[in-house]
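Please model the entire structure based on the sequences and the hints provided.
So the chains spell out like this:
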Amino acid sequence: MVVLDHVQATEMFSAYWEKDLPADQIRALEEHLQSCVVCKKEYQTFERTVGALSGLHKMAAPAEFSDDLRGRIYKRSRGRFFSPKRTGARVPWEVISIVMLGVILAIYVVLTLGEPQKLHLP
Amino acid sequence: MMSLKEHLLVRRLRERDEQAFKEAVRLYQHKVYNLVYRMVGNREEAEDVAQEVFVTVLKSIDTFRGDSKFSTWLYRIAANHTKNRMKYLGRRAYNSTSELTDATEREAQGKSDTAGFKTQIAAPDAVLEGLQMEQLVQEAIASLDEEHRVLVVLRDIESLSYEEIGAITGLNEGTVKSRLHRARMALKDYMAKRIEGD
Ligand SMILES: [Zn+2]
Numbered sequence: 001m002v003v004l005d006h007v008q009a010t011e012m013f014s015a016y017w018e019k020d021l022p023a024d025q026i027r028a029l030e031e032h033l034q035s036c037v038v039c040k041k042e043y044q045t046f047e048r049t050v051g052a053l054s055g056l057h058k059m060a061a062p063a064e065f066s067d068d069l070r071g072r073i074y075k076r077s078r079g080r081f082f083s084p085k086r087t088g089a090r091v092p093w094e095v096i097s098i099v100m101l102g103v104i105l106a107i108y109v110v111l112t113l114g115e116p117q118k119l120h121l122p
Numbered sequence: 001m002m003s004l005k006e007h008l009l010v011r012r013l014r015e016r017d018e019q020a021f022k023e024a025v026r027l028y029q030h031k032v033y034n035l036v037y038r039m040v041g042n043r044e045e046a047e048d049v050a051q052e053v054f055v056t057v058l059k060s061i062d063t064f065r066g067d068s069k070f071s072t073w074l075y076r077i078a079a080n081h082t083k084n085r086m087k088y089l090g091r092r093a094y095n096s097t098s099e100l101t102d103a104t105e106r107e108a109q110g111k112s113d114t115a116g117f118k119t120q121i122a123a124p125d126a127v128l129e130g131l132q133m134e135q136l137v138q139e140a141i142a143s144l145d146e147e148h149r150v151l152v153v154l155r156d157i158e159s160l161s162y163e164e165i166g167a168i169t170g171l172n173e174g175t176v177k178s179r180l181h182r183a184r185m186a187l188k189d190y191m192a193k194r195i196e197g198d
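Top line first, the protein sequences correspond to chains A and B. Going by this note's numbering, the first sequence opens with residue 1, and the numbers climb by one from there. Going by this note's numbering, the second sequence opens with residue 1, and the numbers climb by one from there.
Hints in this document: simulated from the structure, not taken from any laboratory. For glycine and all other residues, C-beta sits at the position ideal for the given N, C-alpha and C. Not one of these hints is a red herring.
For lysine-lysine, the following BS3-like pairs were computed, each having C-alpha atoms within a straight-line distance of at most 25 angstroms:
#, chain 1, residue 1, chain 2, residue 2
1, B, Lys59, B, Lys69
2, A, Lys75, B, Lys59
3, B, Lys22, B, Lys69
4, B, Lys83, B, Lys31
5, B, Lys177, A, Lys41
6, B, Lys193, A, Lys41
7, A, Lys58, B, Lys177
8, B, Lys5, B, Lys59
9, B, Lys22, A, Lys58
Partial chain B-side listing against chain A, Cβ under 7 angstroms, derived:
#, residue
10, Val25
11, Gln51
12, Val137
13, Asp156
14, Met191
Next comes the structure, spelled out in structure tokens:
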């Protein structure tokens, strides 16, 4: 049976609070807290303090945060930071190259089919 | 590791896509602001630092290698910026009375708006007590140095895992745990002094 002194007991407060202690140490600490008013009071304040931290309000960024930030970036980069706005949806390079191949093929077909006809003309 | 969504967002940020940046701000502004606010304890300072965090994200997105989550990287930038600002400000406790009164009034007003006229007159004890506790806790946080403060905020306020805190701070789990324990004990002592002193 482990018997704790004040220092050993208080060293275990965080792990005990996070339920991150082996069973025998939990037992030892709980026994100490039951018999020691000093540590019991200390732990109560500890529990209340750490508990209050997680209960703090989540502070939201001000409503104008995004606009202010955009203004800051534009001012510092003189409006050159972001890539220029693309009109409409972005067309991937793959699609552009296929379309270009189609156009080249079409020109080629028109030219090669067009040539012989010219030759037959008187 | 990054999710597909984060991966796509990062790719678009690298292309300096303004829409992607707006999306990143929309997703993370409140988390970043809350983290910074709880560390500096002042709204104006928090907004300024939080904005600088996003500016840095844009400027250094090319150096982000994707070996952690994007949010972890963002938190790391936020923590470093805040620590630097606190050093720059000479560790002044940023809990001016006006700041706290301001928050108290806003809070009381918010509650009375939903609960009706009566509660506004009655100044609900529970709300007031909660606010006093919140003020006290914020003051206690401000009494810590920046290295301890960041751990308290990441673990006890933001509820991040030890693994993530390690990735943000570059400290191993054992060091995080022992420093966090010191920080909590210091907070407890501060609270005990204040509660008994009142
Ligand atoms: Zn004891």
